[in-house]
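Asks: Assembling the complex is the task here: the two chains are given apart, and the hints tell you how they should meet.
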Amino acid sequence: MIPEQVIHEIEPAALRERTAAYRRDGWRLVQICSTTLDVFELSYSFTKDDRFEHLRLRLPLDGAQVASITGEYFGAFAYENEIHDLFGIRFDGLKLDYLGNFFKTSVSKPFATSMCVVTGGKANG
Amino acid sequence: MGERTVIPFGPQHPVLPEPIHIDLVVEDEHVVEAIPSFGFIHRGLEKLVEKKDFHEFTYVAERVCGICSYIHGMGYCQAVETVMNIQVPLRAKWLRSFWCELSRAHSHLLWAGLLADAFGFENLFMQCWRIRETVLDVIEETTGGRVIFGSAKIGGVRRDVDNDTLKRCAAKIASAAVEFEELKKVFRDDYSVKQRLCGVGMLSRDDAWALGAVGPTLRGSGVRTDTRLEGYAAYGELKIEPIVETACDSYARCMVRMHEITQSFDLIQEIAARTPEGPVFEKPSGYPNGEYFARLEQPRGEVIYYVKGNGTKNLSRFRVRTPTFANIPPLLHMLQGCELADVGLIVLTIDPCISCAER
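For the record, the sequence lines run as chains A and B.
Residues in the first sequence are numbered from 1 upward in steps of one, following our numbering.
Residues in the second sequence are numbered from 126 upward in steps of one, following our numbering.
Some hints here could point you the wrong way.
Unchecked claim - In silico lysine-lysine, DSS-like type, Cα no more than 27 Å apart, as pairs:
no., chain 1, residue 1, chain 2, residue 2
1, B, K364, B, K309
2, A, K95, A, K48
3, B, K310, B, K297
4, B, K176, B, K438
5, A, K48, B, K364
6, B, K364, B, K176
7, A, K109, B, K310
8, B, K172, B, K310
9, B, K292, B, K364
10, B, K177, B, K408
11, B, K408, B, K438
12, A, K104, B, K172
13, B, K177, A, K104
14, B, K177, B, K310
15, B, K438, B, K364
16, B, K438, A, K109
17, A, K104, B, K176
18, B, K309, B, K297
19, B, K278, B, K292
20, A, K109, B, K408
21, B, K408, B, K319
22, B, K172, B, K438
23, A, K109, B, K176
By construction, these hints were calculated from the structure, which means they are not laboratory data.
So that you can see chain B by itself, here it is in the shape it has in the complex (with noise of 0.2 Å):
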């Protein structure tokens, strides 16, 4: 047995987008333990909640995060409507599918590029950015923004689209998925891809289900879900087959995510050729009085949104549990007995998004 040694990784660290700090217990160029630590970036977001008017805090929940804003601002929407049983317009859900599946894709697009860049392959990383920037120009020609939407609205959505721009933005995402598939290739078939990712940072379904796992982290580990099945929004309406992969590796829930970036890419076709006419918002009377937990799918995966209202201006309270607060644990087991040089690769493969997870 070789001796142990503890090496700080993170919050900064050159595959890390995000602060997280991780003490790995090492012997031998293996990790035997990884301890985390968080916190660096906790702004409380949450209790902001009883000084904001319930509409206003619209612009807070889409500001939990930079890369899934819109649907955090729409599940906000979406539990506060539902504690006041507000009838949100049909042409409203279906604009709503239609952002969730941009921000999916952009979200995967963007953790793809990061990925490649994580094993050096730096042309992949640049190609996936490519896409993704026909992906954010889509975002803006129909929100008017780029990371923040804007366009959440207790009763329905901001602003309407014309039925012209959402075919004109499908062309473009359908140019762009005949583009992805080329590159979706490379992360498939890629020898150096494979060397790094296959066989790297296992989870079993076991270890996934018990550990809590969300999202792709859990469908690439074996487990059939996808919170789109509940139908919430549009989705009722459209087929939604979840992904899943068996292998449990690193490999397995990157395959998970390029699968989902097709199968958002065709949402998007079907929800641009599909969207019915009609009115995009019901305004909403009084104040809310009750309790609801809204269940969506974040790109990272599950996300639950707890409202509580006292029947006042104000919500008593409102939490978020993020899909990569819930992703921690297994992340934990992931790295134990993993080598050392495979850490960053490892703690990419969850997405980890920590100012979602610190709010």
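In isolation and in its complexed conformation, chain A is listed as follows (with noise of 0.2 Å):
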């Protein structure tokens, strides 16, 4: 049977709490996922036996930044880094940053903006 998904919608400011405790009731944490929107959408994905749970917390697109969860789940940076190479986002607290060098991009923040834009039921493309 495949589990439901539950999204809790968050605060920023909340996010460093509300991992920590995943971390100590051992929930693993599965990905990190960043969609362009008007806002920049931050998805943190954690499971435990067979529950899958996501926090959901959105940051503005003109100089986006949330607290690093490294502290809680080290294995974080690899998706911090690429958040931040390909969006632009930034994480306080990064505890293995590579500035910025994680991708090799030929353009700066290639996914900061969205070449999907609704009009009338149609999209461009």
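Replies: Okay, here's the thing in structure tokens:
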């Protein structure tokens, strides 16, 4: 049976605290995903047994900045460096910071803008 | 304490099939720190979803990787189908599981050959790839492709396979399975194999979990997990028992994959015998509007496909979190304290696929 997916909407300031609670309860960090809309939408996914949950927070497109969770989950450094290089979001307290050299992209922050413009039920492309 | 030296490893290296660079800080032949660099082959495939019709994007998703291509395409389709509430026909689900298991078997056999090659056992390498050829022949017979299957489609599968062909293919796999059991004995018992793998690249159960390891890397550290247990495709109808080893070393990760090949061969027999009659495609209507995180079990481990639709023909976001990406932090942990001569082998034991990881 595919488990129901629960998305918890949180404020950016609550991220560390909520992540630490997952860590204490023995959840595994599955992934971090960023999506460019009229804001950046960050999704942090965790799993334990057959449960699969997500923390969802939103950041402004300009000067986006959020706390790093590498203190709770060191493995998050890969996701956070990737998001920094592709979306330009800064992570405060990142324990292994590649300073923008994790992915070698030909243009800066290539995923920070979206070409997916909705116009009357059809998108460009 | 000896002098510390930094040795660059990769991106081009004899044991690396794909480009990753690691700066190895060594002290008296022991690695004290490993610092990886990526991005040599970042293609930005996820960004293409904003320009491609969501049906067309299936082709792009399949090309994320050349080894587990089918599951990438299928995972993308499964995520979109969930958003659009499409009921995939039962026969299509069984065919999907059939091709998933063929993918797992050929991927693990390819990996086993590369591992044997890395520790200089050339004959073992040759035998692994010889058996893999049979699996590739079956893939070609049922899909028309050997690398890119081209069979994934939103709403089902692109082509049906008649039951006679399924049974004929199952017989070929049964024959390969007999040969493989002989090969597995070498991996399990051979002195030189055990000398190179046992006690090398240790990753404790707690570290594997905390660092986010997935797949055989996680199961080789004693964690009983397998995303197929969620029952996607036809797995809800099949008995899946996760293969778990508890030694937490390179040998354990190797044996997990060896047993998984046997398990895949058995599942292929069962699927060929039980695939029900019926249609293989349900035509979708409308555009995806909503979001979903699909979780599947690739040969290398758990993979995540995130899709977010906005009610148009273009998705707002497609994201793949590949198993290799998740296994990088555990790999860095394994490398700390190992001998320099074991670095190549340890890197191989996560079965790295960098083109997947960078997309």
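Asks: Would you list, in rising numerical order, the hints stated earlier that this structure does not obey?
Replies: 6, 7, 8, 14, 15, 20 and 21
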